[in-house]
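If you want the building blocks of each chain, they are given just below.
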Amino acid sequence: MKVLFAVVWKDMIMELRSREMLSAMLVFALLVVLIFNFAFELDATTRANTASGVLWVTFAFAGTLGLNRSMAMEKDYACLDGLLMAPVDRSAIFFGKVLGNFIFMVIVELIVLPIFSVLYGINLFHQGFIFVVLLGSLGYIIVGSLLSSMTVQTRTRDILLPILLFPVAIPIFIAAVRASRAFLVGTEMVEVMPYLNLLIVYDIVFFAVAYMVFDFIVQE
Amino acid sequence: MIEIRRLVKRFGYKRVLRELDFYAEQGEFVAVLGPNGAGKTTLLRILSTLSRPESGEVKISGYRLPSQSTSVRKLLGVVSHQPLLYGDLSAIENLKFFGRMYAIENIQNRIEEVLSVVGLEQRATDLVRTYSRGMQQRLAIGRAILHDPIVLLLDEPHTGLDQDASEMLDQVLIDVASQGRTLVMTSHDLARSARLAWRFDILARGKIVASTTRAELEPDQLLQFYRQTLEVG
Amino acid sequence: MVPKPQLLRILDFVTVVLLLIATGLVFFYAPIEAIMGNVQKVFYFHVASAWVGMLSFMVAAVVGILYLAREERKWDTIGLSSVEIGLIFSIIAVVSGSIWARPIWNTWWTWDPRLTTTTIMIFVYAAYFMLRSGIDDPDKMARFTAVYAIIGFVSVPLTFFSARLYRTIHPVIIGSNQPGATSSFEMTVSMQFVFFFSLITFTFIYLDLLWHRVRLGILQEKIIQLKMKLYD
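Residue numbers (this note's numbering), protein chains in the order written: chain H, 1 to 220; chain L, 1001 to 1233; chain B, 2001 to 2232.
No lab work stands behind these hints, which were simulated from the structure alone. Small disclaimer: the values here were computed from a predicted structure and weren't measured. Every residue gets a Cβ at the ideal spot worked out from N, C-alpha and C, and that includes glycine. A couple of the hints might just be wrong.
Computed Cβ-Cβ distance ranges for the label pairs, DEER-style [unchecked claim]:
| no. | chain 1 | residue 1 | chain 2 | residue 2 | range |
| --- | --- | --- | --- | --- | --- |
| 1 | B | P2005 | H | V106 | 54 to 60 Å |
| 2 | B | L2226 | H | S91 | 38 to 44 Å |
| 3 | B | I2099 | H | V118 | 44 to 50 Å |
| 4 | H | V201 | B | D2137 | 30 to 36 Å |
Interface residues of chain H toward chain L, partial, derived using beta-carbon atoms under 7 Å [said to hold, decoys possible]:
| no. | residue |
| --- | --- |
| 5 | M14 |
| 6 | A78 |
| 7 | E220 |
As a list, the in silico SDA-like pairs of lysine to any residue whose alpha-carbon atoms are at most 25 Å apart [said to hold, decoys possible]:
| no. | chain 1 | residue 1 | chain 2 | residue 2 |
| --- | --- | --- | --- | --- |
| 8 | B | K2074 | H | E220 |
| 9 | L | K1059 | B | A2069 |
| 10 | B | K2074 | B | W2211 |
| 11 | B | K2222 | B | L2007 |
| 12 | L | K1207 | L | Y1023 |
| 13 | L | K1059 | L | E1019 |
| 14 | L | K1014 | B | L2216 |
| 15 | B | K2229 | B | D2139 |
| 16 | B | K2222 | B | A2069 |
| 17 | L | K1096 | H | I103 |
| 18 | B | K2041 | B | Y2029 |
| 19 | L | K1096 | H | E20 |
| 20 | L | K1014 | B | L2066 |
| 21 | B | K2074 | B | I2122 |
| 22 | B | K2140 | L | R1205 |
| 23 | B | K2229 | L | P1053 |
Model the full structure from these sequences, guided by the hints.
If you want it as structure tokens, here you go:
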């Protein structure tokens, strides 16, 4: 457990010092939001309907940026070897990275959401909405971290991650977009529940898969 | 301390280590020499538990690899030719992080000790990416001995170091070796190895083909021994 | 040259026979569906192809687990072969689904959950190949693709459910006639017979192709090993 937090702490401090990853993710996310704004001429109702979709596309792409950077950092200075040689449970290392990646993604989301609200003229600060964003991001990061630990070792690392990740993350996109949209337009809870359940199931299932499979990715 | 019998390791379809035998007693300082591609780095990666043996027996301090790898890791310190350090953290922060990984007690004291052994107290709070390569290697050794390992594995540690830095590194190695640890060092640098190590094993084409010690030859005869061995094979 | 095993010869023969019979059944025995007409017959091959796609995927995942547990190359070869075949049949399924949809619902595409899931499966399969080509070390490649096959397979039911939710709660009306649930026609007994027969036939086709492909893969491995021995 301590190891997990040590890994997270280390990633936090490093990012604080260089701020490379966060700024890249942030700038990229805001650019995407801007482009969407100009790409679609939307009236007020359509905006409410499409906001969650636009947001999730933004998060998906910004997320892959962060994931790539996070793993590349470990690989390029062979720091991962240093971690693997330590007498610690390897899943602690993995979930430390997952937690770190998750925190970074949430930070970016927390900054993008208010800006998005202002640009699109929609109030996004609904409890349920935020909850869906967190749930979806968690599942996305778990699978994304797993896949990026593989893609970072390939030649085509940057392009490969979205190609591998997006098809597998479709359930998240569908459920999260629908659920967050439902919260925005004020749909009945009973209609939203199935989507939330799906997200929760997804998160739990892939948490378990990641736990079982991570070791095989890093061993030689 | 280290026992290896008939170790085989393949990468893809190529056999890199072919039934290699290797032994090291406690307290020995062994230099493993050989041409590029002979398998030196592979051997060290297996000993550091990063790589798993394909077949054969590998034991360190009685523990078998890979089944008891986790137990062995506490006993090993590894210095690679890459520093394995985080550039955006300071020396102290790096050591603190690894201290947590190795569950070291009294971490603050230990860090100070280690920093003085490797001569980096002055720059302890500077970020590692501002360090020269020589300083990074010294810090890498500091990281490697932080948890007081009984075995130290070094993979061509002098790579990229200039004369001064190499000499400083040598001093650290000699100090560390004198504390009764077992050291296995791979190297290209025969002259340097001859001055540091006691025993010299020559690894060629996946096996240890020859072995000699300082008792049997003078340091400046090592080069000749090396050439002779490789010509025969 | 390793001769074809006797069992494989038999399988080849049986498969061809089954395919001929199945085709005959579909065209001559199965009744013409009342509303959709002859086009409906595409359905038999469409569903059977989708079934083979699913089956291949499942096999690839299981074989992936076996590879991770045992690290024997044959599991990797079987996995690769299965994914290759699965990709082709999934594409056939989607295309035939399109052919079926067009005359009936006046559209080339419906967001039917099963079709959607199969399409996404195609993307996962394609990604599988891209992953494979990005890694040089064969052991790493085998391990990574085994992991991805498992991840991909686990995501399929989740994708299916999310697509289904998407349709039931927010039904989308496309074209002039509402597609609804795609295969919403009653199957008579004779239709059911042809349906199951096609499923079995296609399963045989899958196994036959798989066996051939795996043999090819194993031979390729042997060649590489022999080449490596030369350089030893």
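Okay, the hints, checked on the actual structure:
1. B:P2005 to H:V106: 54 to 60 Å: Check passed, 57 Å falls within 54 to 60 Å.
2. B:L2226 to H:S91: 38 to 44 Å: Holds - the Cβ-Cβ distance for B:L2226 and H:S91, about 40 Å, lies within 38 to 44 Å.
3. B:I2099 to H:V118: 44 to 50 Å: Check passed, 48 Å falls within 44 to 50 Å.
4. H:V201 to B:D2137: 30 to 36 Å: The hint (30 to 36 Å, Cβ to Cβ) holds, given that H:V201 and B:D2137 are roughly 35 Å apart.
5. M14: Interface hint status for H:M14: holds (4 Å vs cutoff 7 Å).
6. A78: holds (4 Å)
7. E220: holds (4 Å)
8. B:K2074 to H:E220: This hinted pair holds, its Cα atoms lying about 19 Å apart.
9. L:K1059 to B:A2069: holds (23 Å)
10. B:K2074 to B:W2211: The hint holds at about 12 Å.
11. B:K2222 to B:L2007: holds (22 Å)
12. L:K1207 to L:Y1023: holds (13 Å)
13. L:K1059 to L:E1019: Distance of about 15 Å is within 25 Å: holds.
14. L:K1014 to B:L2216: holds (22 Å)
15. B:K2229 to B:D2139: Satisfied, since the Cα-Cα distance of roughly 18 Å is no more than 25 Å.
16. B:K2222 to B:A2069: holds (22 Å)
17. L:K1096 to H:I103: Given pair L:K1096, H:I103 holds - Cα atoms ~22 Å apart, limit 25 Å.
18. B:K2041 to B:Y2029: Distance of about 11 Å is within 25 Å: holds.
19. L:K1096 to H:E20: holds (23 Å)
20. L:K1014 to B:L2066: holds (23 Å)
21. B:K2074 to B:I2122: holds (24 Å)
22. B:K2140 to L:R1205: holds (23 Å)
23. B:K2229 to L:P1053: Given pair B:K2229, L:P1053 holds - Cα atoms ~20 Å apart, limit 25 Å.
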